[in-house]
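Visitor: So the chains spell out like this:
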Amino acid sequence: MTGFITDVMANFWAGLGIKLALIAFIVPTSALVFGILEIKISAHMQDRIGPYFVGAWGWIQLMADGLKFFQKEDIVPTDADAPVFKLAPVLVLMSAMAIFVVIPWGPGLVFGDLELGVFYALALSSLATVGIIAAGWSSANKYSLIGGLRAAGQLIAYELPLVLSVVGPVILAGTMSLSGIVEAQVVFGVPYIVVQFIPFVVFMIAALAELSRLPFDMPIAESELVMGYFTEYTGFRFLFFFLAEYAAMFGMMLFAATLFLGGYWAPGIPESMMPFVGPVVLLTKAGLLVFVAIWFRWTWPRLREDQLQSLAWRWLIPIALLNIAVTATLKVIL
Amino acid sequence: MTTDQHLLRQLSDASVSVELETEDMTLNIGPQHPSTHGVLRIVAKIDGERAHDIKPTLGYMHRGYEKLAEVRNYPQITTLINRIDWTSGYANEIPFLVAVEKLMDLEVPERAQYIRLILTEMARIASHLMFMGSFPLELGATTPIMYATRDRERVLDLIEGVTGGRFHPNFNRIGGVKPAAGAGSTMRKQSQDLPAGFFEETRRAMDGVRHSCDQIEDLINTNEIIVARTRNVGVMTPELAVAYGMSGPNLRATGVKFDLRKVEDYLPYEGIDFEIPVGTVGDSWDRWNVRLQEIRQSARIIGQAIDKVPSGPLQAKVPKVIKVPKGETYVRAENPKGEMGYYIVSDGGQGPYRVRIRAASFSNLSVLPVVLEGALVPDIIAIMGSLDFVLGDVDK
Numbered sequence: 000m001t002g003f004i005t006d007v008m009a010n011f012w013a014g015l016g017i018k019l020a021l022i023a024f025i026v027p028t029s030a031l032v033f034g035i036l037e038i039k040i041s042a043h044m045q046d047r048i049g050p051y052f053v054g055a056w057g058w059i060q061l062m063a064d065g066l067k068f069f070q071k072e073d074i075v076p077t078d079a080d081a082p083v084f085k086l087a088p089v090l091v092l093m094s095a096m097a098i099f100v101v102i103p104w105g106p107g108l109v110f111g112d113l114e115l116g117v118f119y120a121l122a123l124s125s126l127a128t129v130g131i132i133a134a135g136w137s138s139a140n141k142y143s144l145i146g147g148l149r150a151a152g153q154l155i156a157y158e159l160p161l162v163l164s165v166v167g168p169v170i171l172a173g174t175m176s177l178s179g180i181v182e183a184q185v186v187f188g189v190p191y192i193v194v195q196f197i198p199f200v201v202f203m204i205a206a207l208a209e210l211s212r213l214p215f216d217m218p219i220a221e222s223e224l225v226m227g228y229f230t231e232y233t234g235f236r237f238l239f240f241f242l243a244e245y246a247a248m249f250g251m252m253l254f255a256a257t258l259f260l261g262g263y264w265a266p267g268i269p270e271s272m273m274p275f276v277g278p279v280v281l282l283t284k285a286g287l288l289v290f291v292a293i294w295f296r297w298t299w300p301r302l303r304e305d306q307l308q309s310l311a312w313r314w315l316i317p318i319a320l321l322n323i324a325v326t327a328t329l330k331v332i333l
Numbered sequence: 000m001t002t003d004q005h006l007l008r009q010l011s012d013a014s015v016s017v018e019l020e021t022e023d024m025t026l027n028i029g030p031q032h033p034s035t036h037g038v039l040r041i042v043a044k045i046d047g048e049r050a051h052d053i054k055p056t057l058g059y060m061h062r063g064y065e066k067l068a069e070v071r072n073y074p075q076i077t078t079l080i081n082r083i084d085w086t087s088g089y090a091n092e093i094p095f096l097v098a099v100e101k102l103m104d105l106e107v108p109e110r111a112q113y114i115r116l117i118l119t120e121m122a123r124i125a126s127h128l129m130f131m132g133s134f135p136l137e138l139g140a141t142t143p144i145m146y147a148t149r150d151r152e153r154v155l156d157l158i159e160g161v162t163g164g165r166f167h168p169n170f171n172r173i174g175g176v177k178p179a180a181g182a183g184s185t186m187r188k189q190s191q192d193l194p195a196g197f198f199e200e201t202r203r204a205m206d207g208v209r210h211s212c213d214q215i216e217d218l219i220n221t222n223e224i225i226v227a228r229t230r231n232v233g234v235m236t237p238e239l240a241v242a243y244g245m246s247g248p249n250l251r252a253t254g255v256k257f258d259l260r261k262v263e264d265y266l267p268y269e270g271i272d273f274e275i276p277v278g279t280v281g282d283s284w285d286r287w288n289v290r291l292q293e294i295r296q297s298a299r300i301i302g303q304a305i306d307k308v309p310s311g312p313l314q315a316k317v318p319k320v321i322k323v324p325k326g327e328t329y330v331r332a333e334n335p336k337g338e339m340g341y342y343i344v345s346d347g348g349q350g351p352y353r354v355r356i357r358a359a360s361f362s363n364l365s366v367l368p369v370v371l372e373g374a375l376v377p378d379i380i381a382i383m384g385s386l387d388f389v390l391g392d393v394d395k
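Chain order of the listed sequences is G and E.
Just so we're aligned, residue 0 is where the first sequence starts under numbering that gives the first Met the number 0, counting upward by one.
Just so we're aligned, residue 0 is where the second sequence starts under numbering that gives the first Met the number 0, counting upward by one.
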């Protein structure tokens, strides 16, 4: 059986097809699952019931919502820059999907084990901001424009701490391949969060800013900018942004779980079981981090753009830089 | 965009670039915007995120209550004025009724006066609790409004129990209050004025309200982001507040210790012991805290008023057809949003000759161009939210 799978995957086109199909399955599914989780958790936090008519306990409410988007008219504003307007949601969704390629789900269970996996994930995740700026600029709406520009400001402020905080685990592992980092943690004996707790916190803050989640959702900022950069989007294009939001959150948290929480590895699981238990372990870890993001969203208000910039430049970047220095020094000494 | 429009825009850009300056963007906020509490429209010039030349545009919700009042008789007008500030419908009725009673020289029975006082303070709690939810919502926190509306139900249920209405009770009658819901027309029977167990229920609800305040203090006042977003945002000096005719919690947040409940005698407040919470800086944080403390004080007032409610009739003797003698008067009251007053001119008929409504939110909002000058776009929303105006109260 295993041999057969290996044979099929060895065929370039068959392997590629299966991988693409899997990613195309994971992205909308994760959006549906985490979307309904967010709705249910927020309802619980807000002393509400939440949806409960559609399906058992309302679990397929989002399916109904998704179908609803198919019926909606696809509106492109008259003044909009139509090609850019149409391209933007695709870019955002593409960037959200791309990160899944390098995440290892078990030993050898990875869509594409890139030598520069960390670099690839960081680069692709910031591609979403290009789509967001494009959406804000092309919508011919001032609120969208402000939202897009805020996203640009956020990108510059948060890409640095995000990258710098990742350097710690990379130094410890001595590789930029995500599979390599997980294997290094297996050898290390404990997940890197134990020795890299501060960069983990910096990473999470920066990731929330990158994902435009509260308390850093200034590019959307419902109470100020209506819906920020996607105010003018309707129907299927709106759905693209929606899918991208949750897929990107899931992807980013998978990335964080792989870097800091030991990825698919958990202590006490025998090597032979790893390919089967690994995905579950990783999913649990990432799910916990997603829960934290949801928790923040429903309990915290929004920061102001200038406060966010000062947080990034005055605190996160110096802390992350200091961590690199300390980690590198200790790595050489020990 | 047509070629002509494009050309025009380029020309205007060119004229600006001669001075080597970038053109400021005109941002139109409202009348349909998530954070304008109805249909306020604000036109601002923004340079990046910094706004200047703020112009509030009012009147999208003008319903002409002053004019409508002229073609109605006095008992009918209470229905209208309920809807001026819809977050505290009950409190709106009081100054109008007191003005009419003053013109008619009616002595309102004490029991009715105390019932009015209790319900007015309940309306204040309801209105301020609404603010406790809507203001964090403007700052991006979506959860407090759920908690606040839930806690507000305690008070609204009680108001509903007495008056039969949650938002627009229409409960006051000239010369007293209406016999409670379902009580028929026999006013003298004690058992028919307030619902059974009302006082015990109210005491319990006030404990609940105090608990809500503790919870709000615990969850929101300790949140660093809330503090960072409100401290020193939208600072108003006492002079500025007085110059623009601000009143209510917005005025008191600047440190001016002025409360009409202590000054005027429209309701029997003099025998009741309560404090006037004041702020020190006059920023959004102070406005938030003053309202929070006012909820506690209102609960305290209601607790004392319950002890003082005498027995007796609910209504003074009034003729079947109410005619108000010729004359004019102005009665003002401390409403949740600030000073609300009615200037009534009577020519001796069944309806007023002219009614002038002094609504608190209108004056409170007039300070916007000053206080928003140079503010950031997120702060515009935060400051507007902290002023706690209601568009029905602004446009009347």
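Keep in mind that the hints were calculated from the coordinates and are not lab data.
Yeah, the Cβ is synthetic: ideal placement off N, Cα and C, and Gly gets one too.
Watch out, some of these pointers could steer you wrong.
Below, in silico cross-link-like pairs of lysine-lysine (DSS-like), each with a Cα-Cα straight-line distance of 30 Å or less [what the hints assert, rightly or not]: (1) Lys141(G) / Lys44(E); (2) Lys141(G) / Lys54(E); (3) Lys101(E) / Lys307(E); (4) Lys67(G) / Lys141(G); (5) Lys177(E) / Lys54(E); (6) Lys256(E) / Lys101(E).
Cβ-to-Cβ under 10 Å is the rule here; a few derived chain E residues that face chain G [stated by the list, open to error]: (7) Val70; (8) Glu137; (9) Leu375.
To spell it out: a stretch of chain G is covered by chain E in this simulated footprint if at least three of its residues, at any positions, have a beta carbon under 8 Å from a beta carbon of chain E; those stretches are [claimed, not checked]: (10) 37-47; (11) 53-65; (12) 215-221.
Visitor: With a cut-off of 30 Å on the C-alpha distance, tell me whether lysine 141(G) and lysine 54(E) pass.
Guide: The hint holds at about 18 Å.
Visitor: Grab the minimum C-beta distance from leucine 375(E) to chain G and call the hint holds if it beats 10 Å, violated otherwise.
Guide: Hint holds; leucine 375(E) Cβ to chain G Cβ min 6 Å, cut 10 Å.
Visitor: Check, residue by residue, whether the region 53-65 of chain G contains three or more positions whose beta-carbon lies closer than 8 Å to a beta-carbon of chain E, and give the verdict.
Guide: Our answer is that it is violated, as 0 residues pass the Cβ test (under 8 Å) against chain E, missing three.
Visitor: Run the distance test for lysine 101(E) versus lysine 307(E): straight-line Cα separation, threshold 30 Å.
Guide: holds, 24 Å
Visitor: What's the verdict on lysine 141(G) and lysine 44(E), does the C-alpha distance respect the 30 Å limit or exceed it?
Guide: holds, 12 Å
Visitor: Confirm or reject the coverage of the region 37-47 of chain G by chain E under the rule of 3 or more residues with a beta carbon closer than 8 Å to the chain's beta carbons.
Guide: With 5 residues close enough to chain E, the hint holds.
Visitor: Would the hint on valine 70(E) be counted as holding, given a Cβ-Cβ threshold of 10 Å to chain G?
Guide: Since the shortest Cβ distance to chain G is 40 Å, the answer is violated.
Visitor: Checking one constraint from the list: CA of lysine 256(E) to CA of lysine 101(E), max 30 Å. Satisfied?
Guide: holds, 27 Å
Visitor: Hold the hint about glutamate 137(E) up to the distance rule: shortest CB distance to chain G must be less than 10 Å.
Guide: Holds. Min distance 5 Å.
Visitor: Is lysine 67(G) close enough to lysine 141(G), meaning Cα to Cα at most 30 Å?
Guide: holds, 28 Å
Visitor: Decide if the proposed pair is consistent with the structure: lysine 177(E) and lysine 54(E), CA atoms, cutoff 30 Å inclusive.
Guide: violated, 44 Å
Visitor: Mind checking, does the region 215-221 of chain G have 3 or more residues with a CB under 8 Å from chain E?
Guide: holds (count 4)
Against the hints set out earlier in the document, violations occur for numbers 5, 7 and 11.
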